[in-house]
Amino acid sequence: MNRIFTSLVMLGVPLTVAGSLLHWSSISMFIICSVTVIAISSFMGRATESIAIVSGPRIGGLLNATFGNAVELIISIFALKAGLIGVVLASLTGSVLGNLLLVGGLSFFLGGLKFKRQKFSIHDARHNSGLLVFAVIVAFVIPEIFSMSMNETKTLQLSVGISVIMIVLYLAGLFLKLVTHRGVYAHSEEGSVTEHEEPEWSKKKALTILVLATLAVAYVSESLVHTFEAVGEQFGWSELFIGVIIVAIVGNAAEHSSAILMAMKNKMDVAVEIAIGSTLQIAMFVAPLLVIISLFMPTAMPLVFTVPELVAMATAVLLTISVSSDGESNWFEGLTLLAAYLIMGIGFYLL
Amino acid sequence: MNRIFTSLVMLGVPLTVAGSLLHWSSISMFIICSVTVIAISSFMGRATESIAIVSGPRIGGLLNATFGNAVELIISIFALKAGLIGVVLASLTGSVLGNLLLVGGLSFFLGGLKFKRQKFSIHDARHNSGLLVFAVIVAFVIPEIFSMSMNETKTLQLSVGISVIMIVLYLAGLFLKLVTHRGVYAHSEEGSVTEHEEPEWSKKKALTILVLATLAVAYVSESLVHTFEAVGEQFGWSELFIGVIIVAIVGNAAEHSSAILMAMKNKMDVAVEIAIGSTLQIAMFVAPLLVIISLFMPTAMPLVFTVPELVAMATAVLLTISVSSDGESNWFEGLTLLAAYLIMGIGFYLL
Amino acid sequence: MNRIFTSLVMLGVPLTVAGSLLHWSSISMFIICSVTVIAISSFMGRATESIAIVSGPRIGGLLNATFGNAVELIISIFALKAGLIGVVLASLTGSVLGNLLLVGGLSFFLGGLKFKRQKFSIHDARHNSGLLVFAVIVAFVIPEIFSMSMNETKTLQLSVGISVIMIVLYLAGLFLKLVTHRGVYAHSEEGSVTEHEEPEWSKKKALTILVLATLAVAYVSESLVHTFEAVGEQFGWSELFIGVIIVAIVGNAAEHSSAILMAMKNKMDVAVEIAIGSTLQIAMFVAPLLVIISLFMPTAMPLVFTVPELVAMATAVLLTISVSSDGESNWFEGLTLLAAYLIMGIGFYLL
Chain V
1 MNRIFTSLVM LGVPLTVAGS LLHWSSISMF IICSVTVIAI SSFMGRATES
51 IAIVSGPRIG GLLNATFGNA VELIISIFAL KAGLIGVVLA SLTGSVLGNL
101 LLVGGLSFFL GGLKFKRQKF SIHDARHNSG LLVFAVIVAF VIPEIFSMSM
151 NETKTLQLSV GISVIMIVLY LAGLFLKLVT HRGVYAHSEE GSVTEHEEPE
201 WSKKKALTIL VLATLAVAYV SESLVHTFEA VGEQFGWSEL FIGVIIVAIV
251 GNAAEHSSAI LMAMKNKMDV AVEIAIGSTL QIAMFVAPLL VIISLFMPTA
301 MPLVFTVPEL VAMATAVLLT ISVSSDGESN WFEGLTLLAA YLIMGIGFYL
351 L
Chain S
1 MNRIFTSLVM LGVPLTVAGS LLHWSSISMF IICSVTVIAI SSFMGRATES
51 IAIVSGPRIG GLLNATFGNA VELIISIFAL KAGLIGVVLA SLTGSVLGNL
101 LLVGGLSFFL GGLKFKRQKF SIHDARHNSG LLVFAVIVAF VIPEIFSMSM
151 NETKTLQLSV GISVIMIVLY LAGLFLKLVT HRGVYAHSEE GSVTEHEEPE
201 WSKKKALTIL VLATLAVAYV SESLVHTFEA VGEQFGWSEL FIGVIIVAIV
251 GNAAEHSSAI LMAMKNKMDV AVEIAIGSTL QIAMFVAPLL VIISLFMPTA
301 MPLVFTVPEL VAMATAVLLT ISVSSDGESN WFEGLTLLAA YLIMGIGFYL
351 L
Chain H
1 MNRIFTSLVM LGVPLTVAGS LLHWSSISMF IICSVTVIAI SSFMGRATES
51 IAIVSGPRIG GLLNATFGNA VELIISIFAL KAGLIGVVLA SLTGSVLGNL
101 LLVGGLSFFL GGLKFKRQKF SIHDARHNSG LLVFAVIVAF VIPEIFSMSM
151 NETKTLQLSV GISVIMIVLY LAGLFLKLVT HRGVYAHSEE GSVTEHEEPE
201 WSKKKALTIL VLATLAVAYV SESLVHTFEA VGEQFGWSEL FIGVIIVAIV
251 GNAAEHSSAI LMAMKNKMDV AVEIAIGSTL QIAMFVAPLL VIISLFMPTA
301 MPLVFTVPEL VAMATAVLLT ISVSSDGESN WFEGLTLLAA YLIMGIGFYL
351 L
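Residue numbers (full-length UniProt numbering), protein chains in the order written: chain V, 1 to 351; chain S, 1 to 351; chain H, 1 to 351.
Hints are all accurate, no fakes.
Which copy is meant is left open, so a pair is good if it fits within one copy or across any two.
Capping the alpha-carbon separation at 20 angstroms, the derived lysine to aspartate or glutamate pairs in EDC-like fashion look like this:
id : residue 1 : residue 2
1  : K154      : E239
2  : K265      : E198
3  : K265      : E328
4  : K81       : E239
5  : K119      : D326
None of these hints come from the bench; they were simulated from the model. Note that the structure is a prediction, hence the values are computed from the model and not measured.
So here's chain V without its partners, still in its complex pose (with noise of 0.2 angstroms):
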């Protein structure tokens, strides 16, 4: 399997270097950019896994989330340079419903099919609902809400702050669970259940891999971006479904890779810190970063998501916690997940 992956890698690269500089057609470039895009992605998951053995989940699914979000930042600056911000605020959107959902979904239910009951920390569970109620339901909500009696001028000063206070208490986070808090919450089990597993390559290698491979995605990505209008007038797709659907599930195919992996190894807590943290990471970081990046840019981008976009993020937000309190999962909670998600799909399709 893994020697597949190094093949389609050391084709798909090549390829769509050639592909966009002859100008192949989109069709062909969207299926190279694709099968390309999630064989490298497995790598990222491979790199994950082996940093997580050596590090602890949380360091690996941070790691992993951070290197599959540089991508969508990248990305997402060129599109706001470009002036799309209905295309930027949808991706976001994209991005948390399918980190939240598909990837969530798809761990819960291929790890359920093989362990009949899996569980992950339901301290981490906690603060992470916490901050995804924090995050989606007032400091995206709030600016909605307030800015329909504002102007443009308010509602960017609204925007900003709500950014900066986002920024700052995710750093915050950051800091309770890596250093002040770090194992003031690990659950007796955690010990017994690492058997000392041999991570399959050195710290040193593997950060060099998710290095790499981010930036061989990040290329890649964007011949697949390119790729995307051509191919939504083909098959009749709008807008706002490319942005939301087809952005989100090419731009998070590293944590879908390797949340699943971990989640079929039954290492939740692995898997679940990747789809949630990097839904955090989305809704906290890159997002309030993007609107303040884009001050500096042609056209300001405020924090004000269309009313489907929001109650599409806040309903997955609810679903999720509802579903993920309890610190258990089982493959009917992932086909919950994965229903929603299509119901959402459908929406956007339609729209």
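Please build the complex by placing chains S and H on the supplied structure of chain V, with the hints as guidance.
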């Protein structure tokens, strides 16, 4: 007590037949039918109890919910045929509110007056919470919001898509509960509680009575429904109030009497399974089934409730979850649910 | 420290009297009164602590909430008399937000800086969660949504109906806590924690001080309130911002100082009881009481908040519940609540 109910049924059914043939006044028919329905429902309660003793709380609760909701399904199909889409959606709303707040509230309250703390399975409560959020907060809210900027055809497509997904997920949930995870979450206490208790009726007899009682309830309910308009006019009740409150109280009489009976015997697992299980069956099976059936009717019914209906259901779900999530109840939690029902009742009355 | 506060009270109260007679400038009165209120509040904190040691956290928290909210009730009645319905609703909103997010947040944050993990009763937290959802999500949201298609008379009827139900339920909740279920949920740890501690003041003395301090706070608060308009003009604060943020901070100074004092002594049960108990008293008792009182005033007040007020309260409740449901807190959870308060504060400032 049981003898009184038997006499009431023996008297009430023939009177209903006579009354509908001889066109008695609406008020007298309203009283006769209401009493008869309640009397028949007591048989459904006793049958459920017998089955629950033999087959466990889940099967017992499921059978009760199914036979209880069968009545509603039949009446709703007749209403769809007559093109009364608003009435069907109102009575679905009423069933959700009635089961969660009225049946649940009365069970907690009356059970709680007898026992200080009543416990029920936390695992079932959480499984149900996830599905309640899925059904009402995701699957009912999304079409409401998204359809605001959609034409009728697309709204209907979205409704049908969501309906199919809900039915599949509902069946998968039953599969999980009754097949793959049967007994996985069984608590050690459960065994100790079930002191060897003798069922009143054999399984076969209980099932027969359940079927016969359902048919009788369906017949009498139909006569009852025809009195609503006249009674409503005399009492000054709006159509929405009749649909949401009156139809729901009568239509769920079976669930009421069974659940309360169980709660007062401290069998909270069955009582909760009836109240919440019946809600889930309405929201995830009966409602979507009616959407699909309506496609073959003169007027198709989209899954779009009025805003007050949706807000009432969504807040009822949030309240139920926050009250039941700890696997414990007392009379005050019952009173809280009843107070919420009363508030909504006043709201729909004044609307 | 206590001596400083004693001197400040001895100095501040006469100065306030002098200032209001001699018509000193608003800014100087604003500063004098604010300092005096905070100094008096410290006495209320100490009195509460003495009572809590003798009577337990529930009675202590209840008394503190009652005396704290008595001030607000008195001021609101004066405002109702003047027909300032918008100001009353805004200050009710501010009390809910201030108690949940500011008092709760500061308690968690400052307590958490001293103690890594602080615990409080899960049963009380869940009892309170259910009531918060009932009060804010059901009883405040329903009239908001339903009144959109109602005339004024019906809106007022709905408001009065809901108000009566809320007051009855609130009293029933006290009855449960203090009579029928007193000690039912007492945790075994509680006994061990209460090392024999000597109260600073006797119960009688503490109660006397509580009453006197409340009267003094009420007097000084009134003078303070009269400075708001002028101060607001000078600082460019809108009426809504003054009502929701400034009035609430000053009006809840007693709760602030008591709760934080308790949190820093690791008595989180009392701190949480003050923060959430006070919110519940405002939402379920003070607000409905004001609706009923307003019937005898020139202008009746319906229970209909503005949309930003309602959304702020509802999201604050969801955040509080998700942060406090595990019966544990740390400095980061406090910071999350404070961040939410700050976001809403910016929002109301810009509105």
